[in-house]
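Given chain A, work out where chain B should sit, using these hints.
Chains as they are written, first to last, in the numbering used here: chain A, 1 to 474; chain B, 1 to 430.
The set of hints was computed from the structure by calculation and includes no laboratory data. Some hints here could point you the wrong way.
[To be verified] Listed below are several chain A residues computed to face chain B (Cβ distance under 8 Å; list not exhaustive):
hint, residue
1, Thr282
2, Leu388
3, Ser392
4, Met403
Glycine included, C-beta positions come from ideal geometry on N, C-alpha and C.
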Amino acid sequence: MSLSTLLIVVLAGAILAYMLGRTQSYQIAKPVGGVRNLAALPNYYASLMGLWALLPALLLIALWSIFDGAIIDSLVRATLPDEAKQLSDEDFGLVMSQVNNAAIGIGGGALDEAYQPAIEKLKSLNNTSVQAMPVLAIIVLVIGGLLGFRAVRAENNARYAVERIFNGTLIVCSTIAIFTTFGIVFSVLFESIQFFRKVPIDEFLFGTHWSPQIAIRADQAGASGSFGVIPLIVGTLLISFIALLIAVPVGLMSAVYLSEYASNRVRGIVKPALEILAGVPTVVYGFFAALTVAPAIRNVGDGVRDWGAENGYEFLASLNVSSESALAAGIVMGVMIIPFVSSISDDVINAVPQSLRDGSYGLGATQSETITKVIFPAALPGIVGGILLAASRAIGETMIVVMAAGLAANLTVNPLEAVTTVTVQIVTLLVGDQEFDSAKTLAAFALGLFLFIITLALNVIALRVVKKYQEQYD
Amino acid sequence: MTNSVSISEKRTARLAKRHRAESRFKWFGRLSIGFGLACVLFLFTDIISKGIGAFTQTYINIEVTFDEDKLGINQSSSEKEIKAASFGSFFKKSLREQNPDVTGRRDKRALYALFTSDAPLILRDMVLADPTILGTTQTVSMIADDDFDTYYKHSYGRDLEEGEIIGRLSDFQISMVEKYVEAGVVEKRFNTILFSNADSREPELAGIRGAVMGSILTLFVTLILSFPIAVATAIYLEEFAPKNKITDFIEVNINNLAAVPSVIFGLLGLAVFINFFGMPRSVPLVGGFVLTLMTLPTIIISSRAAIKAVPPSIRDAALGMGASKVQTVVHHVLPLAMPGMLTGTIIGMAQALGETAPLLMIGMVAFIVDAPATVTDAATVLPVQIFLWSDSPERAFVEKTSAAIMVLLAFLIFMNSLAVWLRKRLERRW
Numbered sequence: 001m002s003l004s005t006l007l008i009v010v011l012a013g014a015i016l017a018y019m020l021g022r023t024q025s026y027q028i029a030k031p032v033g034g035v036r037n038l039a040a041l042p043n044y045y046a047s048l049m050g051l052w053a054l055l056p057a058l059l060l061i062a063l064w065s066i067f068d069g070a071i072i073d074s075l076v077r078a079t080l081p082d083e084a085k086q087l088s089d090e091d092f093g094l095v096m097s098q099v100n101n102a103a104i105g106i107g108g109g110a111l112d113e114a115y116q117p118a119i120e121k122l123k124s125l126n127n128t129s130v131q132a133m134p135v136l137a138i139i140v141l142v143i144g145g146l147l148g149f150r151a152v153r154a155e156n157n158a159r160y161a162v163e164r165i166f167n168g169t170l171i172v173c174s175t176i177a178i179f180t181t182f183g184i185v186f187s188v189l190f191e192s193i194q195f196f197r198k199v200p201i202d203e204f205l206f207g208t209h210w211s212p213q214i215a216i217r218a219d220q221a222g223a224s225g226s227f228g229v230i231p232l233i234v235g236t237l238l239i240s241f242i243a244l245l246i247a248v249p250v251g252l253m254s255a256v257y258l259s260e261y262a263s264n265r266v267r268g269i270v271k272p273a274l275e276i277l278a279g280v281p282t283v284v285y286g287f288f289a290a291l292t293v294a295p296a297i298r299n300v301g302d303g304v305r306d307w308g309a310e311n312g313y314e315f316l317a318s319l320n321v322s323s324e325s326a327l328a329a330g331i332v333m334g335v336m337i338i339p340f341v342s343s344i345s346d347d348v349i350n351a352v353p354q355s356l357r358d359g360s361y362g363l364g365a366t367q368s369e370t371i372t373k374v375i376f377p378a379a380l381p382g383i384v385g386g387i388l389l390a391a392s393r394a395i396g397e398t399m400i401v402v403m404a405a406g407l408a409a410n411l412t413v414n415p416l417e418a419v420t421t422v423t424v425q426i427v428t429l430l431v432g433d434q435e436f437d438s439a440k441t442l443a444a445f446a447l448g449l450f451l452f453i454i455t456l457a458l459n460v461i462a463l464r465v466v467k468k469y470q471e472q473y474d
Numbered sequence: 001m002t003n004s005v006s007i008s009e010k011r012t013a014r015l016a017k018r019h020r021a022e023s024r025f026k027w028f029g030r031l032s033i034g035f036g037l038a039c040v041l042f043l044f045t046d047i048i049s050k051g052i053g054a055f056t057q058t059y060i061n062i063e064v065t066f067d068e069d070k071l072g073i074n075q076s077s078s079e080k081e082i083k084a085a086s087f088g089s090f091f092k093k094s095l096r097e098q099n100p101d102v103t104g105r106r107d108k109r110a111l112y113a114l115f116t117s118d119a120p121l122i123l124r125d126m127v128l129a130d131p132t133i134l135g136t137t138q139t140v141s142m143i144a145d146d147d148f149d150t151y152y153k154h155s156y157g158r159d160l161e162e163g164e165i166i167g168r169l170s171d172f173q174i175s176m177v178e179k180y181v182e183a184g185v186v187e188k189r190f191n192t193i194l195f196s197n198a199d200s201r202e203p204e205l206a207g208i209r210g211a212v213m214g215s216i217l218t219l220f221v222t223l224i225l226s227f228p229i230a231v232a233t234a235i236y237l238e239e240f241a242p243k244n245k246i247t248d249f250i251e252v253n254i255n256n257l258a259a260v261p262s263v264i265f266g267l268l269g270l271a272v273f274i275n276f277f278g279m280p281r282s283v284p285l286v287g288g289f290v291l292t293l294m295t296l297p298t299i300i301i302s303s304r305a306a307i308k309a310v311p312p313s314i315r316d317a318a319l320g321m322g323a324s325k326v327q328t329v330v331h332h333v334l335p336l337a338m339p340g341m342l343t344g345t346i347i348g349m350a351q352a353l354g355e356t357a358p359l360l361m362i363g364m365v366a367f368i369v370d371a372p373a374t375v376t377d378a379a380t381v382l383p384v385q386i387f388l389w390s391d392s393p394e395r396a397f398v399e400k401t402s403a404a405i406m407v408l409l410a411f412l413i414f415m416n417s418l419a420v421w422l423r424k425r426l427e428r429r430w
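Isolated chain A, as found in the complex:
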């Protein structure tokens, strides 16, 4: 029985239990003089019985699905021949996967006779597991239902129990956010620690050379891999800086114009139109950057160079625009975060009380003087916070740079050259086949940790800035 059928069966069983509970509660209501004399409404009895049937069975299925692989693995391990147990971790994993393949009938013959017991054992265990789980789950369902049935008594207030379960479910759901954070921190941290065992942390943080090509075999010549993160940081900052250079003035001025000058009608049309930019998926921006903006910039660069050569401007002759220039990725990323900056600026500008504006107008200031000399200073903490959040967004942005920025780690601040970023490297190191214990794969997690810390720090600082320096006017 497949998992989805089993889930449907369990659900149907729970609904059946619910209906039984409902009927039974009407039954028990008769001798005591009607539903009004029960401690709880029939629906609560029914729900209680349904939940008694459903929850233990679901729990069993969940635990079984999570742990059966590990348990079967350890049981099979015991039946492996002695020679296999002495293998190194890597070779052992290889043997295990060969046993697995043999058990499901692919790539047979790679292992000798000594492994036959292990293969047989794995086959039978897999069989048992597949057959036993549905049977056990249904038994648990029935037992749970019976226990629930016993709780359908006139003097038992089923509502308390149901509400307790409801409350418990709410608490469990709300802890998922905590578990997610822990999951992120631990998974990234754990792999990073393994990485730093292979590559010293100071080499990672202060190295200026990044080329993660690791030799596949130990005796392979050449590639030894170097993991200096500095070029990646410089590349990331360069692209993010270009993005902010576009997004901050445009976003801020749009917000100012829309909230201070524009009529309601204009605002009603222009604001949603600008918000469209926020809804476009990043992969679309990436495509746009790689196929439209980057070639355009390159063409302009070539044009300028040719013009310079013709008119005798020597310094232009060496102008060389890469087809994966940081400028293209940065400009498109800037366009992407315009609505982000403008909506934050809009909020903080609107939060400045009208009395400040009125005071400034009363002293004879023009509108633009009011904005630059009164509103901006008052809204500054919010604007700075918004810019920091936008920076964090730009640093963590992935698809645009994956598609439009380069792969080679150049340590340069020339926006016309190709640079690579932290997120690009994470993606390129992890997409495709990978071994989990190679330094190359682990490096991606170290970069992930780095990225997580940077973006988190930026967010925390942004919130601090807003809280600490925001003036209270009311």
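What follows is chain B alone, placed relative to chain A:
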């Protein structure tokens, strides 16, 4: 006297200067908005102008005589025999017979290359569907190869400037295309292949059906997980949670998760779901898990806002009538907050639909020829398909990529308008 005149002159001059600064400032604002709007316009026209061509496909109507002798099968042949028949060489032979003037191996090969590489399969399927066509001559609308298609759609009959790209056709192939066009057998039709096929290495046979199915399955998993969990969390935090360190911690966590880059969620999915729990790669189920964790903060935050918007008087009235806290929430607060929660959920789903990076990490970048049917089949999603196609060198794939982007944007526009409509229609002001 002279002194005061000069002061007033100075004042007038200064005032003019200030007014100029004012109008300059205003123009900065107008320019910024203009830049933003121009970006929107440029982005859309660029994508549409690139992608509109992919919605038509070139077909070549050729006469094919299904000769029983050449195929070695007849009307009483079994299905197996028909499948085993050599349609490949049969198709090539028919082409050679129709174009007797094409000689030489290279020219012949170039001729075959004008048709899709699936041509023999298409003929075979015709015979399988209706064996009585054996022995007759049929007009077959054959799918043109992507190079033919690109040339015919974009270069044919135009005065090309020197060096302009005309695709990868050789001069001989171009002369063949012209011959076919003059014979009136070439036609452009609405491209149904784009919507009925999954991915393929051949641009003319590649479609988005597999990716769309993958996206639907992934979003389905995301929706059934994230909506209940987010609503439960929002209810707990707004209605039940005591004010203590733990709930503060939960809130801080939710706000921080909203700002974590999406690629980090991919790392989480890879390390926890695939590596630790041993779930399979490339499947919508795991994709749905990862996107759930990613969209939860968005939905939680908007659900909390929706719950907050329900006035306390509603709760007081329900409690006053003897309802329990849970009853108050489930019977009164939740239905009133539902439109706001649904709006937030749709926006979260739109975000999940456009997300690419975390899905790359968990292996949803595989080349998959079949459309997935269940959440545990290997699949890819629409944005990842866009990413994969944008990497392909064929010019026809640029067109396909833009078309896929148009479909994705259409979905997103639909979802966002639905959210706006829901908000306008169902949200109540108190």
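Checked hints:
no. : hint   : verdict
1   : Thr282 : holds (7 Å)
2   : Leu388 : violated (11 Å)
3   : Ser392 : holds (6 Å)
4   : Met403 : holds (6 Å)
Checked against the numbered hints above, the structure breaks only hint 2 and satisfies the rest.
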